[in-house]
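**Q** The hints should help you fit chain Y onto chain G, whose structure is shown.
2 protein chains.
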Amino acid sequence: MIKIGILGYGNLGRGVECAVKQNPDMELSAVFTRRNPGDVKILTEGASVCSIADVPGWKEKIDVLILCGGSATDLPGQTPAFAELFHVVDSFDTHARIPEHFANVDAAAKKGGKVGIISVGWDPGMFSLSRMYANAILPEGKDYTFWGKGVSQGHSDAVRRIADVKDAKQYTVPVEEALESVRRGENPDLTTRQKHTRECFVVLEEGADAAKVEEEIRTMPNYFADYDTTVHFISQEELDQNHSRIPHGGFVLRSGKTGWNQENSHLIEYSLKLDSNPEFTSCVLAAYARAAYRLGQEGARGCKTVFDIAPAYLSPKDGAALRASLL
Amino acid sequence: MIKIGILGYGNLGRGVECAVKQNPDMELSAVFTRRNPGDVKILTEGASVCSIADVPGWKEKIDVLILCGGSATDLPGQTPAFAELFHVVDSFDTHARIPEHFANVDAAAKKGGKVGIISVGWDPGMFSLSRMYANAILPEGKDYTFWGKGVSQGHSDAVRRIADVKDAKQYTVPVEEALESVRRGENPDLTTRQKHTRECFVVLEEGADAAKVEEEIRTMPNYFADYDTTVHFISQEELDQNHSRIPHGGFVLRSGKTGWNQENSHLIEYSLKLDSNPEFTSCVLAAYARAAYRLGQEGARGCKTVFDIAPAYLSPKDGAALRASLL
Numbered sequence: 008m009i010k011i012g013i014l015g016y017g018n019l020g021r022g023v024e025c026a027v028k029q030n031p032d033m034e035l036s037a038v039f040t041r042r043n044p045g046d047v048k049i050l051t052e053g054a055s056v057c058s059i060a061d062v063p064g065w066k067e068k069i070d071v072l073i074l075c076g077g078s079a080t081d082l083p084g085q086t087p088a089f090a091e092l093f094h095v096v097d098s099f100d101t102h103a104r105i106p107e108h109f110a111n112v113d114a115a116a117k118k119g120g121k122v123g124i125i126s127v128g129w130d131p132g133m134f135s136l137s138r139m140y141a142n143a144i145l146p147e148g149k150d151y152t153f154w155g156k157g158v159s160q161g162h163s164d165a166v167r168r169i170a171d172v173k174d175a176k177q178y179t180v181p182v183e184e185a186l187e188s189v190r191r192g193e194n195p196d197l198t199t200r201q202k203h204t205r206e207c208f209v210v211l212e213e214g215a216d217a218a219k220v221e222e223e224i225r226t227m228p229n230y231f232a233d234y235d236t237t238v239h240f241i242s243q244e245e246l247d248q249n250h251s252r253i254p255h256g257g258f259v260l261r262s263g264k265t266g267w268n269q270e271n272s273h274l275i276e277y278s279l280k281l282d283s284n285p286e287f288t289s290c291v292l293a294a295y296a297r298a299a300y301r302l303g304q305e306g307a308r309g310c311k312t313v314f315d316i317a318p319a320y321l322s323p324k325d326g327a328a329l330r331a332s333l334l
Numbered sequence: 008m009i010k011i012g013i014l015g016y017g018n019l020g021r022g023v024e025c026a027v028k029q030n031p032d033m034e035l036s037a038v039f040t041r042r043n044p045g046d047v048k049i050l051t052e053g054a055s056v057c058s059i060a061d062v063p064g065w066k067e068k069i070d071v072l073i074l075c076g077g078s079a080t081d082l083p084g085q086t087p088a089f090a091e092l093f094h095v096v097d098s099f100d101t102h103a104r105i106p107e108h109f110a111n112v113d114a115a116a117k118k119g120g121k122v123g124i125i126s127v128g129w130d131p132g133m134f135s136l137s138r139m140y141a142n143a144i145l146p147e148g149k150d151y152t153f154w155g156k157g158v159s160q161g162h163s164d165a166v167r168r169i170a171d172v173k174d175a176k177q178y179t180v181p182v183e184e185a186l187e188s189v190r191r192g193e194n195p196d197l198t199t200r201q202k203h204t205r206e207c208f209v210v211l212e213e214g215a216d217a218a219k220v221e222e223e224i225r226t227m228p229n230y231f232a233d234y235d236t237t238v239h240f241i242s243q244e245e246l247d248q249n250h251s252r253i254p255h256g257g258f259v260l261r262s263g264k265t266g267w268n269q270e271n272s273h274l275i276e277y278s279l280k281l282d283s284n285p286e287f288t289s290c291v292l293a294a295y296a297r298a299a300y301r302l303g304q305e306g307a308r309g310c311k312t313v314f315d316i317a318p319a320y321l322s323p324k325d326g327a328a329l330r331a332s333l334l
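Going down the list, the protein sequences come from chains G and Y.
Read in order, the letters of the first sequence are residues 8 to 334 in the working numbering.
Read in order, the letters of the second sequence are residues 8 to 334 in the working numbering.
Please keep in mind that the hints were generated in silico from the structure rather than gathered at the bench.
Check each hint, because a few of them may be wrong.
Copies of the same chain are indistinguishable here, so a pair counts whether it falls within one copy or spans any two.
[Claimed, not checked] Taking lysine-lysine and the DSSO-like style, the derived pairs with C-alpha atoms no more than 27 Å apart in a straight line are:
id : residue 1 : residue 2
1  : K202      : K48
2  : K264      : K324
3  : K48       : K264
4  : K48       : K149
5  : K219      : K264
6  : K156      : K264
7  : K66       : K264
8  : K264      : K28
9  : K173      : K66
10 : K264      : K10
11 : K68       : K48
12 : K156      : K118
Same shape as in the complex, but just chain G (with noise of 0.2 Å):
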């Protein structure tokens, strides 16, 4: 069995731990939180829910830490600060900063002896793929990745921070004639405008001004002001009711040439719809969690990402049986 820790019990954690019991050569050990452990309920029975401050005291209990904060300020020092005492995964998605904290997991995990694997999830992640594979197959030729329909939570907490908003969700959503354009082989070049429409539904404060705040949210720079945006004004129990969920997805293409004169077209579609966008991130995770584990038993060391791992790794199952059931 290889033992998992969680550090971080929001979504993401909740996620990871319904993971874990859907793999039966894991077991969850603990979570760890940096809220009063007595107050954090898990549902995982015989496992312990710790404080971040006892996250040393397990080296020598769990296999694999599973890092389920955020990338803006858990991530950076967490994920190099942990990669020295146990395996880790974490799904660090600022794009920009991804060489800076390659390096420094890098770095920690060699000095540990252990192995940490970064940007896990669905983007990055499985789109990132997708998109290698499509482009070493398909050398010429171009990418598009859309997004949606789904909650972006940026969108949603940029939305929730403007005056008299009482609460919001934003939806990110593919525009389906560029799409098919893609689709088609027409290899478009499209705008920010033409590839998302994004549809916010908001909860107004009493009193707010409706007017004023749509206006607001359709001219904010880089959030709106470049899209074809909707606002619809409902009630917070209708709020409640129908937007609760996370969902999301997306869809990566790419569309090639091939032959001597590149007469012949192609295209590779990957597409994911999610009913619980952290669930699924989680799902990965831990199928990460599983290679983490089995490289450090081979010996590897240092930062990896998901091009650096071999696809069996992630599967329960051995080579030949892989071979029998999924070639």
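**A** The following block gives chain Y in isolation, referenced to the frame of chain G:
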């Protein structure tokens, strides 16, 4: 530069020649043929055309030999024979015989200190990878593979073997309603007939009995009896004009559940739409030839499949460039 040899110059061999041209770190050294080399015209300037009997003499002049023969009679002998001399890649696709082929190639490659990668292409190949990743991520779920719309060489051959059939092409067509049911997360149990239909375009010999030929097609065991089959009788001109290409493709889906009580559904879908089945397969072979070469440089030995190879080995970019551009 990675020096490539091609064994067999049919559709697949010509496709590999085109793929090598698209990969700037590869060059075609020689094409080997069973025909009289003087009768074989290739497209690449500077590459040699040689008899298959000359292959061993190229041991020091070729890094990777890509085997472009058929799975029925060519590859079971050729891949092990040449894996002792070169790193080799093949597209062996007789699923039931993969364990035996793997063992033979493994023994030969280890004896010669080489890497052999077998069953590379799209199915087996990219579809296998998609199934494997999806199974590792969603342990509780159901797999579906649909093929087409595309030309099945085996079924076309079967129709051509019927008396009074002059020429024929057979298309395998996925049933849209079945695909949609899977996409809706309904986890249907699908019979053979519910998943695919078969469409035949047939040129008759003069004076043939069309009704008799149609009946013979529709009732042919294994090939057509279990499917809804449509037969169109057309002229040789029409067949040549509208059905001379070799398109194919298909869909791999996994529908799975997550959450403590499996309350959330997820769909992973990978699809290919290919103008030319052999040219796309060739592109995959070329990418894995790069992997074979690099693994060989690192000292790896023996037989591998797509499951055993970290994605980064397929790309001409190094780790830092991959992380910066595709993660």
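**Q** Now tell me if each hint is right for this structure.
**A** Each hint, compared with the structure:
| no. | hint | verdict |
| --- | --- | --- |
| 1 | K202 to K48 | neither (42 Å within a copy, 46 Å between copies) |
| 2 | K264 to K324 | between (36 Å within a copy, 20 Å between copies) |
| 3 | K48 to K264 | between (54 Å within a copy, 23 Å between copies) |
| 4 | K48 to K149 | neither (48 Å within a copy, 32 Å between copies) |
| 5 | K219 to K264 | neither (49 Å within a copy, 42 Å between copies) |
| 6 | K156 to K264 | between (29 Å within a copy, 19 Å between copies) |
| 7 | K66 to K264 | neither (51 Å within a copy, 32 Å between copies) |
| 8 | K264 to K28 | between (44 Å within a copy, 12 Å between copies) |
| 9 | K173 to K66 | neither (44 Å within a copy, 73 Å between copies) |
| 10 | K264 to K10 | between (46 Å within a copy, 23 Å between copies) |
| 11 | K68 to K48 | within (21 Å within a copy, 65 Å between copies) |
| 12 | K156 to K118 | neither (42 Å within a copy, 53 Å between copies) |
In summary, the numbered hints that this structure violates are 1, 4, 5, 7, 9 and 12.
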